[in-house]
Amino acid sequence: MKLLRSRRAVSPVLTTVIMILVVIGGMSVAFAYFTGYVKDFQIGRGSSIMELICMEDVWFQDEQTIRIAIYNYGKVEVKIVSLYIDNILVAFQADNSSENFIEIPIKGHGVIIVDHSLIENTGYRFKLVTDRGSIFEEQHISPSVW
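Each residue of the sequence shown is one higher than the one before, starting from 27 at the first, in my numbering.
Note that these hints are calculated values from the structure, not bench results. None of the values given here were measured: they were computed from a predicted structure. Even glycine gets a Cβ: it sits at the ideal position worked out from N, Cα and C. A couple of the hints might just be wrong.
As a list, the in silico SDA-like pairs of lysine to any residue whose alpha-carbon atoms are at most 25 Å apart [unchecked claim]:
#: 1; residue 1: 133; residue 2: 90
#: 2; residue 1: 65; residue 2: 75
#: 3; residue 1: 133; residue 2: 122
Label pairs and their in silico Cβ distance ranges [to be verified]:
#: 4; residue 1: 64; residue 2: 149; range: 36 to 46 Å
#: 5; residue 1: 143; residue 2: 80; range: 23 to 33 Å
#: 6; residue 1: 81; residue 2: 51; range: 42 to 52 Å
#: 7; residue 1: 171; residue 2: 103; range: 37 to 47 Å
#: 8; residue 1: 146; residue 2: 64; range: 46 to 56 Å
#: 9; residue 1: 45; residue 2: 129; range: 34 to 44 Å
Kindly generate the complete structure, drawing on both the sequences and the hints.
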């Protein structure tokens, strides 16, 4: 009977030590995440999360020429360096330029021109890749009559 009445809780000193260890462990995890996050921003990879573009319009001008209008609604300037059509890398040029990349300012528009043989009434998947590594994909269907 004496054994049942002599129960004791964990001592306040031990509880305090355990709480300190939990807080230190949590702060160590948070610090490790934060330093990795800052390092990514310093390298330039972290800013890719602020890149937001959309293909406003895709004009299939004829069986060979595509014009893609792009709008940058993100928080950083975007430089598009690659274009894939159905996972095949294709060459493009910026409108009114001979460059094979296009820089679009914040809240700005840009147009790229692509020479690619097309088939009527066929779906094509367009993938734009930026210099920071962001990928933007959309699918568009070519017209049934040119």
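Tested hints:
A threshold of 25 Å between alpha carbons decides the hint, and for residue 133 with residue 90 the separation of about 30 Å lies outside it, so the pair is violated. In summary, the hint linking residue 65 to residue 75 is supported, as the alpha carbons are separated by about 14 Å, within the 25 Å threshold. For the hint linking residue 133 to residue 122, the alpha-carbon distance of about 20 Å falls within 25 Å, and the restraint holds. Between residue 64 and residue 149 the beta carbon distance is about 42 Å. The supplied range of 36 to 46 Å therefore holds.
Take residue 143 and residue 80: their Cβ atoms lie about 26 Å apart, and the range 23 to 33 Å holds. For residue 81 and residue 51, the Cβ-Cβ distance of about 46 Å falls inside the hinted range of 42 to 52 Å, so the restraint holds. At about 38 Å, the beta-carbon gap between residue 171 and residue 103 stays in the expected band of 37 to 47 Å. For the pair residue 146 and residue 64, the supplied restraint of 46 to 56 Å holds, since their beta-carbon distance comes to about 51 Å.
Between residue 45 and residue 129 the C-beta distance comes to about 53 Å, which lies outside the given range of 34 to 44 Å.
Violated hints, in rising order: 1 and 9; the structure is consistent with all others.
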